[in-house]
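Visitor: Residue-level listing of the chains:
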Amino acid sequence: MIAQDSSKPAAMAIPKEGYFKPEDGRYGQIYPRTPANYGFTIIAKIKPGREAAIREYGTKIEKTIAGLPEALAVLKLHYLRWVLFDIGSDTYFMYQGIFDTDFDKYTEDAVELFAKYGINTVFENLDGFPEDWNTNAPAFVKFVREHQCPSFLEYAEYPYVTADEIKKALTMKRKFSEMLDQMQ
Amino acid sequence: MLELDDVQHFLVSRSPALAARYEFLRFPNPRSGHAWLSTVMEKIGSAKAVAASSNSRWISVAFTWNGLRAFGVDGDALASFPEEFRLGMAARANMLGATGKNVPERWVGNLASPDLHAIVILFARDEEERERCRREHDPFRRECGVELLSSLDLAAIPPFTHPHEHFGYRDRLSEPTVEGSGFEAPPGAGEPLKAGEFFLGYPDETGLHPALPQPEVLSRNGSYIAYLQLQEHVGAFRDFLRANGNTPEEQELVAAKLMGRWRSGAPLVLAPEKDDPELGGDKQRTNDFNYRTMDPYGYACPLGAHIRRMNPRDTAHNMRRRRMIRRGGTYGPALPENAPEDGVERGVAAFVGCSSLTRQFEFAMNVWVNDPEFHELGNERDPIFGTQDGTFDMTIPKRPIRRKIKNIPAFTTTRGGAYFFLPGMRGLRFLAAGARELH
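So the sequence lines, in the order shown, correspond to chains A and B. Per my numbering, residue 1 is the first one in the first sequence, and the count goes up by one each step. Per my numbering, residue 185 is the first one in the second sequence, and the count goes up by one each step.
Hints were generated in silico from the structure; no laboratory data involved. All C-beta atoms, glycine included, are put in the ideal place defined by N, C-alpha and C. Any given hint could turn out to be false.
Straight-line Cα separation of at most 27 angstroms, DSSO-like style, residue types lysine-lysine; simulated pairs [unchecked claim]: (1) A:76 to A:116; (2) A:168 to B:582; (3) A:168 to B:588.
Listed next, with one range per pair, are the computed distances between beta-carbon atoms [as the list claims (entries may be wrong)]: (4) B:316 to A:73: 50 to 58 angstroms; (5) B:395 to A:66: 34 to 42 angstroms; (6) B:483 to A:172: 14 to 22 angstroms; (7) B:591 to A:66: 42 to 50 angstroms.
Pulled out of the complex, with its shape left as it was, chain A reads as follows:
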């Protein structure tokens, strides 16, 4: 890892292709780590009449995470954002994720996780999603990559910091505070 200064805000403009130099991953081109870490923005048209079904999954995932906080650990996430919006008479689903590991590296883990917690079912409401996704990780990945819209700018107030580092720092802060309390 190139030492990155996390104390100074940083921005990165990204070429139209989404990467600076070609680098092969198992399922295709690897997208670079930016000051805002790894991430994707998947935008896909939903099948007509599926909006309510997709919105219901918001509640479902909320409940899953409340019961199993570690459920999505493998994805090394910072944030997920799910958005529905209309263009003309069509409705589109945007799935934006910011995380600490190249998605391509852990693709099959992600696909299996999606299956386990029902996130796949959200995808099944999208136009063109492969029906055999659960035994065909390459087809799942192909769909994701075809609908990925790379950023052309990413910015971070505290760049290149992983979620693990943030969690460790918060634990340290809490323990230090406890220690001070006990020293009184």
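Dock chain B against chain A, hints included.
Guide: Okay, now just chain B, sitting in the frame of chain A:
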């Protein structure tokens, strides 16, 4: 239930062997291949046949995608095989980390060539037996018009008391157990793995049946195998140990930290302070450990040690989807202790068997072996067999402060590799009959 009378024995059992020979073949026309395979069929042992015989001579045969094409398999069927197998290992070299001195342009034996069609693997009791088999096979192969692109002779190196490679590490220690193979999982290995993780046509660990490449008579009971010929730089390895340890004991400890096991095979998690050769050789104990509770910070086995990368056990997700069956042996003469590097090539020539090259083998190479961010280490690769160019480190957690060895040299160089499909017996008969369905 695993069809032991149809899968080749190669990934199910090992025959006792001190020598081996790999031959890399090209079939100039389908006829040559059909004639050759029809006759060698009787030497290819199913798992069941090999288990029932004591000393017959068995071989294993596997094909590249180009080899299946050379046999006359039709276009639709060829297209139904997974992309990474169709492309072949050389085309995937960058992602696998075969860069710098490891690039396919430098590979030996025509392994990177589209002319590579098949491999014949012979394990023999000893070198004499291997030579006898070679002499027997050569004229027959020529008679069929099958071209020998290259070959590699393998032999165990002394001491012959246990299998080990040129650096001296005991080998064949951690092996997945397959459901229905007739073998029991040793303590620490977990439940046997579903056959579909290694053989096509069975449910895998998801409980589902992945689609088979076509036609099913060819693909069912087959496996993919990734082949790698890895040169081991024994002189450089020993120099490194001497440079990083003042006494023989310290040097042994450095060797153990790189591997995660003492050279005897004893795992550092169970023997953190000093070697325990008896433990190393005890199959009931040598895998009976985990990392999450027994060594979470790597004070015994460093987070980046070879065995902790190749099998993170309970510290990685979906481990049961990433297991691989290993086979292989050593080639080249042993470098005597205290002898300087003699420049003679030696190493290991090994296979990884699985049902998905991408999910299992390529993941292991791309992430576990070569991802500098593995376990958030930041600037490390597998110290034994990662792509090293002198710019990566090795962190050895230690109290009160960790030890960091900088600029790890390359102890291994990839000399070649290929992806093969190892068909079941029915698949082989289908190919021998001209890649047409038998009625």
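Visitor: If a hint holds in the structure, say so; if it doesn't, say that too.
Guide: For each hint, the structure was consulted:
With a CA separation close to 17 angstroms, the supplied pair residue 76 of chain A and residue 116 of chain A stays within the 27 angstroms bound. Between the alpha carbons of residue 168 of chain A and residue 582 of chain B the distance comes to roughly 20 angstroms, so the proposed pair stays at or under 27 angstroms and holds. Note on residue 168 of chain A and residue 588 of chain B: the hinted pairing holds, with a Cα-Cα distance of about 22 angstroms set against a maximum of 27 angstroms. For residue 316 of chain B and residue 73 of chain A, the hinted distance range of 50 to 58 angstroms is satisfied, since their beta carbons lie about 56 angstroms from each other.
Remark: the range hint 34 to 42 angstroms for residue 395 of chain B to residue 66 of chain A is upheld by a beta-carbon distance near 36 angstroms. For residue 483 of chain B paired with residue 172 of chain A, a C-beta distance near 20 angstroms keeps the hint of 14 to 22 angstroms intact. For residue 591 of chain B and residue 66 of chain A, the hinted distance range of 42 to 50 angstroms is satisfied, since their beta carbons lie about 48 angstroms from each other.
In summary, the structure agrees with every hint in the numbered list given earlier.
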